[in-house]
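Trainee: Residue-level listing of the chains:
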Amino acid sequence: MSFWGYPRPDGSAGTRNYLGVFATVVCACDVAQWIAKQVPGCAPFLHHQGCGQTEPDMEIVHRTLVSLGRNPNLGGVLLVSLGCEGPIDHIMEGIAASGKPVAKVVIQEIGGASAATAEGSRLARQMVTDASRTHQEEVDDSKLMIGVKCGASDTTSGLASNPSIGAACDILIGKGGSCIFGETPEMMGAEHILARRAASPGIGRKIIEIVDRMEKRALSMGVDMRGANPSRGNIAAGLSSIEEKSLGAIVKGGSTPIKAVCEYGERPEGNGLFILDGPGQEPKAVTALAAAGAQVILFSTGIGAPHGFPFVPVIKVTANPKTCQRLSEHIDFYVDIAGEASLKELGQAIFEETLAVASGKRTKAENLGYVNFPDIWVTGTTF
Amino acid sequence: MKREAIILNPKDNVATAISDLEAGNVVEMEMDKNTISVTLVDAIPFGHKFSLSHIKSDSPVMKYGEVIGMASKDIQPGQHVHVHNVASARARGDLAKEAK
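Residue numbers (this note's numbering), protein chains in the order written: chain A, 1 to 383; chain B, 1001 to 1100.
Next up, chain A with everything else stripped away, as it sits in the complex (with noise of 0.2 Å):
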């Protein structure tokens, strides 16, 4: 099968095509935000990092926006600076090296916020016009990544929203494309199960120390993480511990042999299953997918997380029979937790509802406008 995508000039397809008006730093965000109003057919990448931050934490922040860049959706992207958070010539070449128009409109040296959004609207609005002439062409599935996460989890995620998705996940590279999967937490007390599920030792090794990585993160917090994760509603919603959280969120992600573990803001390189170490937290969680490199989200949520993402349609997974009919608005896939369908048939429909949005069908939170409060995870404090 293929799907109908936007062929980009360093090989990838994307299934969106807009032009990414992103700020570089927090305080930057107010005239990327009035520039993509402005201008139809962007798409603004808002985030509150970028400034008063230690070097480690910075070079995730420049990394995932080179990253985000590079995803395949945008056409071109307009980066929005203050000016002295620092130069930001290297992440206008990071992502110009897939050979996307890439420009910058610096508040500080134009002369204001007036004067920046007046210049970056008539950048936006050449570079709009530019993407629009490129056209949708048919593409082959292994040139898809789908991005999964799972949000507002409930008991039924785990039963079986997620399993239906890893069964899509699994056709898909069956096909030969890509699924990455994140959310370190909920690995915690499963990471065994994906470590022997390592194309390699030392992808297993790796596994096991970005557990180990974030429990110690919540070692040191002195509390019981339970509360962060799993989240009071998570508690509410029946899952008792981390441990029964992260067995039902693992298979989100299917069953193939896992390929490679990325740092937040990497882009995995190759085909088939990935593991990418953030939060479980959505705004930044599916920033990381994005970062990845995914053109399409599948997002299990058994209470009903309504986020999207600013350039990558996310699909609304629900089991949760209450959720469907009361968060209507928000679920685009319902899978019946009593009904008789085989995880296999299961996987199958949501597989094919992925390439229908990959394709151009639109996603609640799209038509919602629910897109616009992503952010970047940093491991340190702010300074």
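Treat the hints with care, as some may be off.
[To be verified] Using 16 Å as the maximum straight-line C-alpha spacing, the simulated EDC-like pairs for lysine to aspartate or glutamate come out as follows: (1) K216(A) / D1094(B); (2) K1097(B) / D224(A); (3) K1002(B) / D224(A); (4) K322(A) / D1020(B); (5) K322(A) / E1004(B).
[Claimed, not checked] Ranges between beta-carbon positions, derived for each pair: (6) K1011(B) / A97(A): 13 to 21 Å; (7) Q1076(B) / L368(A): 45 to 53 Å; (8) R1003(B) / A97(A): 51 to 59 Å; (9) G1024(B) / R217(A): 22 to 30 Å; (10) G233(A) / A1089(B): 17 to 25 Å; (11) R1003(B) / A113(A): 52 to 60 Å; (12) A1089(B) / R267(A): 28 to 36 Å; (13) G227(A) / S1057(B): 37 to 45 Å; (14) P56(A) / V1026(B): 51 to 59 Å.
[Stated by the list, open to error] Residues on chain B that point at chain A, a partial pick, calculated with CB under 7 Å: (15) T1016; (16) E1066; (17) A1096.
In short, the hints are calculated from the structure, not lab data.
All values derive from a computational prediction rather than experimental measurement.
Glycine is no exception: its CB is placed at the ideal position from the N, C-alpha and C atoms.
Based on the hints, put chain B in the right spot on chain A.
Mentor: Chain B only, in chain A's frame:
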């Protein structure tokens, strides 16, 4: 009959309710073509778990055929199994702090 609860693995000592169940209900579930029947002691809300057997304090609570935590008190068959009687063994900064 509509399924009321799910057992995921033969090693499991808990089941998950997939509808709201009342105390006193007799719940029948399938596992490996056997029917397992439990009389509920507590009301079990949708998505919550109940015990299939007697789980002693400090012994493992099993779901997915894996350990999801340790019983923090004795649990009788048909009782609600949740944070009040299951302790997580992971990311317990509180216990690490006490041990110092």
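Trainee: Please check whether R1003(B) and A97(A) have a Cβ separation lying inside 51 to 59 Å.
Mentor: holds (53 Å)
Trainee: Per the hint of 37 to 45 Å, is the separation of the Cβ atoms of G227(A) and S1057(B) within bounds?
Mentor: Once the Cβ atoms are compared, 23 Å apart, the range 37 to 45 Å for S1057(B) and G227(A) is violated.
Trainee: Starting from the range 51 to 59 Å, see whether the pair P56(A) and V1026(B) falls in it by beta-carbon distance.
Mentor: holds (57 Å)
Trainee: So if I understand the rule, the pair passes when the alpha-carbon distance is 16 Å or less; does K1002(B) with D224(A) pass?
Mentor: With a Cα-Cα distance of about 38 Å, the restraint between K1002(B) and D224(A) is violated, given a limit of 16 Å.
Trainee: Between the alpha carbons of K1097(B) and D224(A), is the straight-line distance 16 Å or under?
Mentor: holds (10 Å)
Trainee: Is 45 to 53 Å a correct range for the gap between the Cβ atoms of Q1076(B) and L368(A)?
Mentor: holds (46 Å)
Trainee: Given the proposed pairing of K322(A) with E1004(B), does the C-alpha separation stay at or below 16 Å?
Mentor: Status holds; Cα separation ~15 Å.
Trainee: Go through the hint on E1066(B) and say holds or violated, using the shortest Cβ distance to chain A against 7 Å.
Mentor: The hint holds - E1066(B) has a Cβ within 7 Å of chain A, the shortest such distance being about 5 Å.
Trainee: Answer holds if the nearest beta-carbon of chain A is closer than 7 Å to that of T1016(B); otherwise answer violated.
Mentor: holds (5 Å)
Trainee: Between K1011(B) and A97(A), does the C-beta distance stay in 13 to 21 Å?
Mentor: violated (50 Å)
Trainee: Do the alpha carbons of K216(A) and D1094(B) lie within 16 Å of each other, as the hint requires?
Mentor: Roughly 12 Å between the alpha carbons, so the hint for K216(A) and D1094(B) holds.
Trainee: Quick one: are A1089(B) and R267(A) within 28 to 36 Å, going by C-beta?
Mentor: holds (35 Å)
Of the numbered hints listed earlier, those contradicted by the structure are 3, 6, 9 and 13.
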